[in-house]
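**Student:** My request is simple: use the sequences and hints to build the entire structure.
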Amino acid sequence: MKTAVGSVKNTSIAVYFADFKEITKARLAVSVVFSSIAGYFLGAVEINFSSVLLLAFGGYCMVGASNAYNQIIEKDLDALMSRTKNRPIPAGRMSVTTAMTIAVLMTILGIVALYFLNPKTAMFGAISIFLYTSVYTPLKTKTPLAVFVGAFPGAIPFMLGWVAATDNFGIEPGTLFMIQFFWQFPHFWALGWMLDEDYKKGGFKMLPTGKKDKGTALQIIMYTIWMMIISVIPVFGFTGRLQLSIVAAIIVFLMGTVMLFFAFRLYEKRDNASARKLMLASVSYITLMQVVYVMDKFI
130 MKTAVGSVKN
140 TSIAVYFADF
150 KEITKARLAV
160 SVVFSSIAGY
170 FLGAVEINFS
180 SVLLLAFGGY
190 CMVGASNAYN
200 QIIEKDLDAL
210 MSRTKNRPIP
220 AGRMSVTTAM
230 TIAVLMTILG
240 IVALYFLNPK
250 TAMFGAISIF
260 LYTSVYTPLK
270 TKTPLAVFVG
280 AFPGAIPFML
290 GWVAATDNFG
300 IEPGTLFMIQ
310 FFWQFPHFWA
320 LGWMLDEDYK
330 KGGFKMLPTG
340 KKDKGTALQI
350 IMYTIWMMII
360 SVIPVFGFTG
370 RLQLSIVAAI
380 IVFLMGTVML
390 FFAFRLYEKR
400 DNASARKLML
410 ASVSYITLMQ
420 VVYVMDKFI
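Numbered continuously in the numbering used here, the sequence shown closes out at residue 428.
Quick caveat, the hints were computed from the structure, so don't treat them as lab data.
One or more hints might be untrue.
[As the list claims (entries may be wrong)] Calculated lysine-lysine pairs in the DSS-like style (CA-CA distance at most 27 angstroms, straight line): (1) K341 <-> K214; (2) K329 <-> K214; (3) K154 <-> K271; (4) K329 <-> K204; (5) K340 <-> K330; (6) K334 <-> K398; (7) K204 <-> K150; (8) K406 <-> K214; (9) K329 <-> K343; (10) K341 <-> K330; (11) K271 <-> K214; (12) K204 <-> K214.
[What the hints assert, rightly or not] Now the in silico label distances, taken between C-beta atoms and shown as ranges: (13) R212 <-> D296: 39 to 49 angstroms; (14) F427 <-> G303: 14 to 24 angstroms; (15) I375 <-> M229: 44 to 54 angstroms; (16) L157 <-> T272: 22 to 32 angstroms; (17) I237 <-> N401: 34 to 44 angstroms; (18) G303 <-> A143: 42 to 52 angstroms; (19) L182 <-> L347: 40 to 50 angstroms.
Using N, Cα and C, we set each Cβ at its ideal position, and we do this for glycine too.
**Tutor:** Laid out in structure tokens, this is it:
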């Protein structure tokens with residue numbers, strides 16, 4: 130009997146933990162934390178591991194809170210879409226009150242953790258939550274420009290790490306911001322292309338032309354090219370302490386050409402399979418680009 134009760138408790142804990150990961154979008158949050166830590170390594174003169182832990186904790190809380198607020202706001206729309214109808218709130222496994230408690234608690238903990246690093250880091254973290262929940266989320270059902278607005282909070286993590294390490298915002302974190310800003314357009318439009326039919330069930334307007342057409346594919350190509358250009362700008366010595374060797378710049382540029390290849394394939398074929406390949410290439414690009422930047426600094 131005790132074993133059965135223990136098994137039920139373990140199952141309940143596993144379900145609660147799974148729902149917590151879902152409401153905070155754990156995989157997305159971890160990728161954002163990775164970007165922040167990469168930015169920290171690039172900005173730091175000396176690595177302080179307690180600061181890295183604070184940044185990781187605060188960053189996860191910021192992203193987790195934003196995602197929880199988002200799922201509270203969009204709970205009725207999530208219930209209409211296949212990919213989101215099993216989320217904790219629309220599926221009835223978590224109440225709005227519980228989700229709001231998680232969101233508020235993570236907001237407070239995140240801002241406090243980032244404030245311990247420095248006030249500027251906490252400020253940018255708070256701005257990202259505000260823009261994501263109060264501007265981007267409501268705009269998703271109003272206009273495709275929501276993706277442009279959402280690119281601002283989405284671009285903050287990479288540069289947030291630099292600000293956390295230096296307590297300064299200048300051309301270096303500004304450049305990191307711009308790299309991730311332009312990267313988001315091909316990434317999210319590829320995702321929007323794949324999920325267009327499902328998004329339309331919820332009334333979301335994610336593609337720039339509203340259609341899976343050549344116009345959307347052409348904009349993906351253009352933003353990919355801008356991303357590639359900005360990603361190698363540090364090699365020219367215009368970006369202060371943020372520098373890139375010629376070898377690293379060539380590697381980063383070649384990785385960008387892989388994304389560009391898949392963007393052209395999407396323009397040519399205009400199918401979901403091509404969009405998926407582009408989306409996966411974009412995920413690989415942002416991670417590997419940050420790894421190359423960090424390795425180039427320390428090797």
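**Student:** Now look at each hint and say whether the structure bears it out.
**Tutor:** Evaluated hints:
Proximity of K341 to K214 is assessed by CA-CA distance (about 24 angstroms); at most 27 angstroms being required, the pair is judged to hold. For the proposed pair K329 and K214, the alpha carbon gap of about 14 angstroms is at most 27 angstroms, so the pair holds. Pair hint K154 plus K271 holds up; C-alpha atoms about 24 angstroms apart against a cutoff of 27 angstroms. Taking the CA atoms of K329 and K204, the gap is near 15 angstroms; set against the 27 angstroms cutoff, the hint holds.
A distance of roughly 14 angstroms separates the Cα atoms of K340 and K330; the hinted pair therefore holds under the 27 angstroms criterion. At roughly 22 angstroms between alpha-carbon atoms, K334 and K398 fall within 27 angstroms of each other, so this suggested pair holds. At roughly 16 angstroms between alpha-carbon atoms, K204 and K150 fall within 27 angstroms of each other, so this suggested pair holds. Among the hinted pairs, K406 with K214 is consistent with the structure: their alpha-carbon atoms are about 25 angstroms apart, no more than 27 angstroms.
Taken as a hint, the K329 and K343 pair is honoured in the structure, with Cα atoms around 19 angstroms apart against an allowance of 27 angstroms. Annotation: proposed proximity of K341 to K330 holds, straight-line Cα distance about 16 angstroms (limit 27 angstroms). Of the pairs offered as hints, the one joining K271 and K214 holds, with about 21 angstroms between alpha carbons and a cut-off of 27 angstroms not exceeded. Between K204 and K214 the CA atoms are separated by roughly 9 angstroms; this keeps the pair inside 27 angstroms, and the hint holds.
Taken as a hint, the range 39 to 49 angstroms holds for the pair R212 and D296, whose Cβ atoms sit roughly 40 angstroms apart. A C-beta distance of roughly 22 angstroms is found between F427 and G303, which places it inside the suggested range of 14 to 24 angstroms. Between I375 and M229 the CB atoms are about 51 angstroms apart, so this pair conforms to the stated range of 44 to 54 angstroms. For L157 and T272, the hinted distance range of 22 to 32 angstroms is satisfied, since their beta carbons lie about 23 angstroms from each other.
For the hinted restraint 34 to 44 angstroms between I237 and N401, the CB-CB distance of approximately 41 angstroms keeps it satisfied. Taking the beta carbon of each, G303 and A143 are about 43 angstroms apart, inside 42 to 52 angstroms as hinted. Taking the beta carbon of each, L182 and L347 are about 44 angstroms apart, inside 40 to 50 angstroms as hinted.
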